[in-house]
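Student: Protein chains in written order, with the numbering used here: chain A, 1 to 315; chain B, 1 to 407.
These are computed hints drawn from the structure, not numbers from a lab. Here the structure is a predicted model, which means the values were calculated and not measured. All C-beta atoms in this analysis are idealised placements derived from N, C-alpha and C, irrespective of residue type, glycine included. Careful: at least some of the hints might be erroneous.
Beta-carbon label-pair distances, calculated as ranges [said to hold, decoys possible]:
no.	chain 1	residue 1	chain 2	residue 2	range
1	A	P147	B	E84	21 to 31 Å
2	A	L83	B	D353	37 to 47 Å
3	B	E84	A	V240	35 to 45 Å
4	B	G77	A	P147	52 to 62 Å
5	B	K234	A	L83	50 to 60 Å
6	B	Q133	A	T20	26 to 36 Å
Covered stretches of chain A, going by a simulated chain B footprint (3 or more residues, C-beta under 8 Å) [said to hold, decoys possible]:
no.	region
7	48-57
8	131-142
9	283-294
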Amino acid sequence: MKSGFPLYAAMVAGLLVLATTPLYADNYVVRTAAIVAMYGALATSWNFIGGFTGYPSFSTAAFFGLGAYVGAICQRHGIPMGLAWAIATVVVAAFAALLGGIILRLRGHYFAIGSIAVVELCRLVVSSWSSLTGGGDGLNLPLMAWPPEELMRFFLFVMLGILLASLIATILVDRSRLGFGLRCIHQNEDAAAMVGINTTAYKIAAYTLSAMFCATAGAAYASWTGYIDPTDSFQIVMTVKVVVMALLGGAGTILGPALGAAAFVLLEELFWANFLDWNRAILGVVIVLLIFFLPGGLLSLGMRRLRAAKVGGGQ
Amino acid sequence: MFAHGILRSARAGLLASSVATGLLAAALTSPALAQETIKIGAPLALTGGLADEGHKQDVVWKMWVEKINAAGGIQVGDKKLKVELIEYDYQSEGQRASQLAEKLINDDKVQFLFSPFGSGHTKIVAGVGERYQVPTIACVASSESVYDQTLKYLFGTLSPNGGMTTAMVKFFKEKFPETKSIAVLGRDDVFPKSMAEGIAKAAEAGGLTVAYKELYPVGTMDHAAALSSIKAAKPDWIYITGYTQDLILARKQMQDLGVTAPIVTMVTGPSYKEFTDGLGPLANGISSSSWWHHLTSYEGQGVWPTTAAFYEDFKARTKGDPDYVHGSCAAAGEVIVDALARAGSLDKVKVRDAIAATDIQTFYGPIKFGPNGMNLSRELPIIQVQDQAIKVLAPAAIKNADMIAMP
Numbered sequence: 001m002k003s004g005f006p007l008y009a010a011m012v013a014g015l016l017v018l019a020t021t022p023l024y025a026d027n028y029v030v031r032t033a034a035i036v037a038m039y040g041a042l043a044t045s046w047n048f049i050g051g052f053t054g055y056p057s058f059s060t061a062a063f064f065g066l067g068a069y070v071g072a073i074c075q076r077h078g079i080p081m082g083l084a085w086a087i088a089t090v091v092v093a094a095f096a097a098l099l100g101g102i103i104l105r106l107r108g109h110y111f112a113i114g115s116i117a118v119v120e121l122c123r124l125v126v127s128s129w130s131s132l133t134g135g136g137d138g139l140n141l142p143l144m145a146w147p148p149e150e151l152m153r154f155f156l157f158v159m160l161g162i163l164l165a166s167l168i169a170t171i172l173v174d175r176s177r178l179g180f181g182l183r184c185i186h187q188n189e190d191a192a193a194m195v196g197i198n199t200t201a202y203k204i205a206a207y208t209l210s211a212m213f214c215a216t217a218g219a220a221y222a223s224w225t226g227y228i229d230p231t232d233s234f235q236i237v238m239t240v241k242v243v244v245m246a247l248l249g250g251a252g253t254i255l256g257p258a259l260g261a262a263a264f265v266l267l268e269e270l271f272w273a274n275f276l277d278w279n280r281a282i283l284g285v286v287i288v289l290l291i292f293f294l295p296g297g298l299l300s301l302g303m304r305r306l307r308a309a310k311v312g313g314g315q
Numbered sequence: 001m002f003a004h005g006i007l008r009s010a011r012a013g014l015l016a017s018s019v020a021t022g023l024l025a026a027a028l029t030s031p032a033l034a035q036e037t038i039k040i041g042a043p044l045a046l047t048g049g050l051a052d053e054g055h056k057q058d059v060v061w062k063m064w065v066e067k068i069n070a071a072g073g074i075q076v077g078d079k080k081l082k083v084e085l086i087e088y089d090y091q092s093e094g095q096r097a098s099q100l101a102e103k104l105i106n107d108d109k110v111q112f113l114f115s116p117f118g119s120g121h122t123k124i125v126a127g128v129g130e131r132y133q134v135p136t137i138a139c140v141a142s143s144e145s146v147y148d149q150t151l152k153y154l155f156g157t158l159s160p161n162g163g164m165t166t167a168m169v170k171f172f173k174e175k176f177p178e179t180k181s182i183a184v185l186g187r188d189d190v191f192p193k194s195m196a197e198g199i200a201k202a203a204e205a206g207g208l209t210v211a212y213k214e215l216y217p218v219g220t221m222d223h224a225a226a227l228s229s230i231k232a233a234k235p236d237w238i239y240i241t242g243y244t245q246d247l248i249l250a251r252k253q254m255q256d257l258g259v260t261a262p263i264v265t266m267v268t269g270p271s272y273k274e275f276t277d278g279l280g281p282l283a284n285g286i287s288s289s290s291w292w293h294h295l296t297s298y299e300g301q302g303v304w305p306t307t308a309a310f311y312e313d314f315k316a317r318t319k320g321d322p323d324y325v326h327g328s329c330a331a332a333g334e335v336i337v338d339a340l341a342r343a344g345s346l347d348k349v350k351v352r353d354a355i356a357a358t359d360i361q362t363f364y365g366p367i368k369f370g371p372n373g374m375n376l377s378r379e380l381p382i383i384q385v386q387d388q389a390i391k392v393l394a395p396a397a398i399k400n401a402d403m404i405a406m407p
């Protein structure tokens, strides 16, 4: 399809930029690229429920943390790394589907609060269930005895793979009946139900999709650091960051969330490196300004130019 | 409409990639390498939940670097090299701690790492150091579980916290022979948890009944339920572990609920000045153990020849008293000085082996690493708050007060 070409080109170009970092940069830059890919995948996942469906979900960190724990526990029981990640993905997707059936009955602010409680609840369960999760001691994973450069390259490609998978899923959903249904729910859920959309099933599908890739990313992240604990795995800050990233880039678009994630991580790096004492405050101000003046996200910049071009072309 | 959507996405993609390229390029321009210095990297919690502890490490490391550079630097072979300390704030977030350790090693080319406060973050940073074979000195991680990961490049200057429990049970039973039962409430976090479990084990071995033992999750804002259960169990000894904020809260709630016992121990509460400052008269009578106290009189090599010399310097700089975090971290640098003198080069493997063979006396006490990289056990001080000041009860050599019952 001819019209799909620019989208794919942009996507491939973006992924290539990240994927080629090991060729010319040191491990720290490669690591930043891997983190961009990871947050890109998280924000793209969030987009299913938050962007398409319009349900303000704050449960990203819960899925990420659970994925990390399921993956870590599997690996500690001798299951090979790749398989452990796959198990984490399936288990967390099933968890999200079951949970979705309950909390997706809430709407608006109530849903937001409910979904944030999921993060806190998961953290408490994981930290209290010491016999399985090690409680507050955290879990050690087998440290991978690879040279650091190779290890970093490997995890960059893993994170890029997860990002790519989430983007492909987004494109497929966007072009399918599911995507159409989700947008209908976003606009008016009651009306959507009246025209024959099975809103419950659709919402659960979106919520599950939003959990899957987070779980894979979490499990991969656990293998990467080699040590996880409840406080760092279930961070409210992470949950909020991911939503901000998606809004920053443009919620409900295909590449927006990943773009937002890249911009956010790089801004964070930039401010952090240059303003050691004030970086948090500056970052906060920048986010507030961006959301005030660019409510449609960074993508709306492109939109404006596009409209201008169209008007010009029409004359 | 459809085509517009695609175009929109395409533009975004292009924008994204150009932004990414630009910023990555900016990130590439790392600071120029200053040759012929020893670089020590320190990811520190200067903001966030562990900021107080992070600042303590920061102040003594800066003191140490100034001192050592004023004396010409560190002897390596036939050269004297200056020391450069590179610190970054990891905002008390584990993920950022590992990222910064990576940055310190890759961008700043540090040859050593000082690990941040706490056993959990030490694990994270030491894992990165291990991959690059960069020796990591941990001055505030005392849980043996940190050192069982077979990390060959991690060394800790605190001695195992197991040493703190058995001696304490023995000492308290001597002073209060009628002590029969203990109630233990611990924070579910690496160090406080291991202390809570350690004391319960030591108490049982010492013939006490454990009347209550529970862990509370990190971030608990209310201990009322646990304290009520403890009250019902009527123990002779209440032992609570956690960090300063947890313990201040627990002590205040004990007061509100009328929970008390002849002996109340909080670990590591009274080791920190913030604890006694925060509680005022309520802190009186609370006992604790610590890894180091400035009243000890150790002598040894390094920029501070005696404990008193360190104490004077510290007092002059901060107007306050140093605690064990200050002592342990200030001594961490001496490990590097000694190892480099013996290794005579900056070769990674040689330096690592030299550190493993460390056997020195310092103002902080002896430093000699066991096979797991942890400082060997020694007699640790037992302390108590009396009239809002810290008194040392044991060991006998540095004792300056007798133990009193809770008022």
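Student: Are the hints correct? Go through all of them and say.
Tutor: Here's how the hints hold up against the structure:
1. Checked against the hint of 21 to 31 Å, the C-beta distance between P147/A and E84/B comes to roughly 26 Å, which is consistent with it.
2. The beta-carbon spacing between L83/A and D353/B, approximately 38 Å, falls within the hinted interval of 37 to 47 Å.
3. Range check, E84/B to V240/A: Cβ separation about 36 Å, and the 35 to 45 Å hint holds.
4. A C-beta distance of roughly 28 Å is found between G77/B and P147/A, which places it outside the suggested range of 52 to 62 Å.
5. Here the CB-CB span from K234/B to L83/A is close to 53 Å, well matched to the stated 50 to 60 Å.
6. Take Q133/B and T20/A: their Cβ atoms lie about 27 Å apart, and the range 26 to 36 Å holds.
7. Only residues whose C-beta sits within less than 8 Å of a C-beta in chain B count toward coverage, and the region 48-57 of chain A has 0 of them, not enough to reach three; the restraint is violated.
8. Counting residues of the region 131-142 of chain A whose CB falls under 8 Å from any CB of chain B gives 5; the rule of at least 3 is met.
9. Check on the region 283-294 of chain A: 0 of its residues sit with their Cβ under 8 Å from a Cβ of chain B, so the three-residue criterion for coverage is violated.
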